[in-house]
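With these hints in hand, go ahead and build the complete structure from the sequences.
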Amino acid sequence: MIPLDANTFIGPYPFRSVPHPDPAILVSVLAREDIASAWTGHLPSAWHRDPTHGNEILFQELEPFRDKLHPVPAIRPDWPGWERALRNAVDLRVPAIRAYPSQWRLGAEDRGMLSLAAACGEADVTLVLTTRFEDLRQRHWMDAAPDLGGAAIRALARVDRGARILVTAAGRGLIEEVHWGLTADERARVWWDISWIWGPPENDLAHLFSTVGASRFVYGTQWPLRLVQSPRANLELLPDDLRSPPLAASVFT
Amino acid sequence: MKTPERLPLAGPGLLIDVHAHFMHAGCGRSHWRTINESRLAAGDRIGISVHVASVLGSWGHTSPTYFPSPQDVSVGNDAMLALQRDEPARVRTYVTVNPNDRRHAIEEIARCARAGAVGVKLAASRRADDALVDDIAVAAGEHGFPILHHIWQHRRQDWPGQEASDGVELGRLAARHPGVSFILAHIGGGGDYAHTFPAVRELPNIYLDLSGSGVDRGMLDDALEAVGPARLVWGCDLTMETGLAKLRALSVIGLSLDDLELIRWRNAVDIFPSGSLLASQVPRAFTASGGASA
Chain V
1 MIPLDANTFI GPYPFRSVPH PDPAILVSVL AREDIASAWT GHLPSAWHRD
51 PTHGNEILFQ ELEPFRDKLH PVPAIRPDWP GWERALRNAV DLRVPAIRAY
101 PSQWRLGAED RGMLSLAAAC GEADVTLVLT TRFEDLRQRH WMDAAPDLGG
151 AAIRALARVD RGARILVTAA GRGLIEEVHW GLTADERARV WWDISWIWGP
201 PENDLAHLFS TVGASRFVYG TQWPLRLVQS PRANLELLPD DLRSPPLAAS
251 VFT
Chain H
1 MKTPERLPLA GPGLLIDVHA HFMHAGCGRS HWRTINESRL AAGDRIGISV
51 HVASVLGSWG HTSPTYFPSP QDVSVGNDAM LALQRDEPAR VRTYVTVNPN
101 DRRHAIEEIA RCARAGAVGV KLAASRRADD ALVDDIAVAA GEHGFPILHH
151 IWQHRRQDWP GQEASDGVEL GRLAARHPGV SFILAHIGGG GDYAHTFPAV
201 RELPNIYLDL SGSGVDRGML DDALEAVGPA RLVWGCDLTM ETGLAKLRAL
251 SVIGLSLDDL ELIRWRNAVD IFPSGSLLAS QVPRAFTASG GASA
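As you go down the protein sequences, you meet chains V and H in turn.
The numbering used here numbers the first residue of the first sequence as 1 and each following residue consecutively.
The numbering used here numbers the first residue of the second sequence as 1 and each following residue consecutively.
Heads up, some of the hints might be wrong.
As the list claims (entries may be wrong) - Here are some chain V residues pointing at chain H (derived, C-beta under 10 angstroms): (1) Pro19; (2) Arg32; (3) Asp135; (4) His140; (5) Trp198; (6) Pro201; (7) Ser210; (8) Gly213; (9) Val228; (10) Asn234.
For the record, the hints were derived by calculation from the structure and aren't laboratory data.
Every residue gets a Cβ at the ideal spot worked out from N, C-alpha and C, and that includes glycine.
So, in structure tokens, the structure goes:
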């Protein structure tokens with residue numbers, strides 16, 4: 001059994017129809033795919049100016065499923081009172097919070113993001129970042145946020161010794177740029193989900209497991225946007241010597 | 001080499017990848033052989049019976065991938081045919097052509113047909129609805145070849161390095177050549193596939209290939225709703241794990257075994273020249289779900 005899918009959402013996507021993005025469906029999908037639990041965010045909140053209401057919806061909708069679905073609320077560090085919002089989330093024992101600096105137009109040097117990373121480290125919650133929600137080539141014209149860049153991730157990894165950053169939906173290029181652009185101490189604060197890393201014939205996932213190390217990666221699907229079957233297929237197609245890798249789930253569960 | 005002790009990850013039964021690529025020594029990539037071996041090994045692990053594949057010239061090394069020179073086109077096709085000769089059970093060849101070199105393209109289709117090619121690959125050298133492509137479609141039809149056409153789903157602008165086409169533009173070509181089968185490439189391969197489905201719904205000679213890195217939930221459901229299982233064909237293109245994931249997703253959205261077989265291999269067998277894909281492998285009246293039957 002896979003212990004954790006660290007990259008799931010509930011709620012509709014603003015730019016296209018997504019089939020039944022509901023918590024009850026997610027729980028049934030986890031059971032079918034033999035995944036024990038999931039970190040779950042509220043998808044529309046990435047585009048809300050104020051994520052407060054989306055967070056309330058997230059906690060309400062996940063309440064019946066808290067044994068399987070762990071809420072990951074969004075905290076926007078340029079919004080007044082974000083420190084209180086983070087404290088409230090921590091009081092509700094969330095394992096992580098999400099931030100969307102690209103959607104919020106917060107650059108690599110943004111003080112709010114750096115403060116948020118430090119605060120997450122102090123509170124012992126993981127900061128989850130999203131590289132992208134869709135392939136650049138298919139995005140709606142109103143979905144103008146760029147992919148999350150390496151500079152922003154490196155800046156956050158350098159801010160606090162206790163920071164724990166999970167970057168989702170990154171590909172090999174971004175992962176390598178960030179990983180090898182950090183010191184050993186800094187890169188030990190960054191993990192990656194495998195939802196957007198390609199398999200054979202180029203074998204990007206196998207390459208990253210061999211060079212960066214499987215322990216820097218976690219299982220993630222980006223449900224409900226993407227097929228939940230893809231990361232497992234990728235793991236099953238790894239070369240024999242890299243199959244059944246020690247993914248980093250134990251850090252997060 | 002196959003590892004017989006393992007069951008195929010895609011389950012039992014035939015499986016044809018209608019959108020594969022290989023590389024060769026003239027591509028400027030030192031590990032070209034490793035990439036080819038990786039595709040075949042992953043194919044065995046998945047359970048791919050046949051890779052129907054193309055080489056796009058020199059893959060940009062000595063002329064652009066999507067605008068290959070005549071010389072590079074021929075070198076690439078020769079490499080593809082050589083691989084087919086080396087792997088006669090599991091590799092088939094699309095002959096790649098650049099319609100801008102009309103005479104060369106027509107001669108290349110005839111030459112490669114004699115050497116065992118089974119289809120034509122058009123990438124993005126000329127817009128699909130351009131009159132120059134008509135000659136290619138005629139030549140493909142004369143050989144009974146389908147045309148696998150690279151598509152940028154809902155192309156809203158020109159992108160560097162290619163003169164890409166979308167579903168509407170391929171539809172115009174397909175409507176002019178109703179006797180030729182067209183495989184619309186990789187609905188998961190970039191662009192807005194939602195635009196493609198209504199563009200080709202009424203064109204029975206266009207088949208949708210499921211390949212590409214995109215694994216959006218809802219994409220397969222919408223493709224099925226638009227054209228039905230009789231006009232979907234399976235493929236991987238550059239990401240084989242997403243191909244496997246789509247097969248598994250098709251299994252859980254309620255397709256019957258018969259419909260799954262259509263997508264896995266039967267539609268492909270119908271599109272390509274008779275006996276060209278599986279003649280040496282398939283007993284008469286083979287059924288993927290249960291093996292041979294009377």
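List of violated hint numbers, smallest to largest:
7, 8
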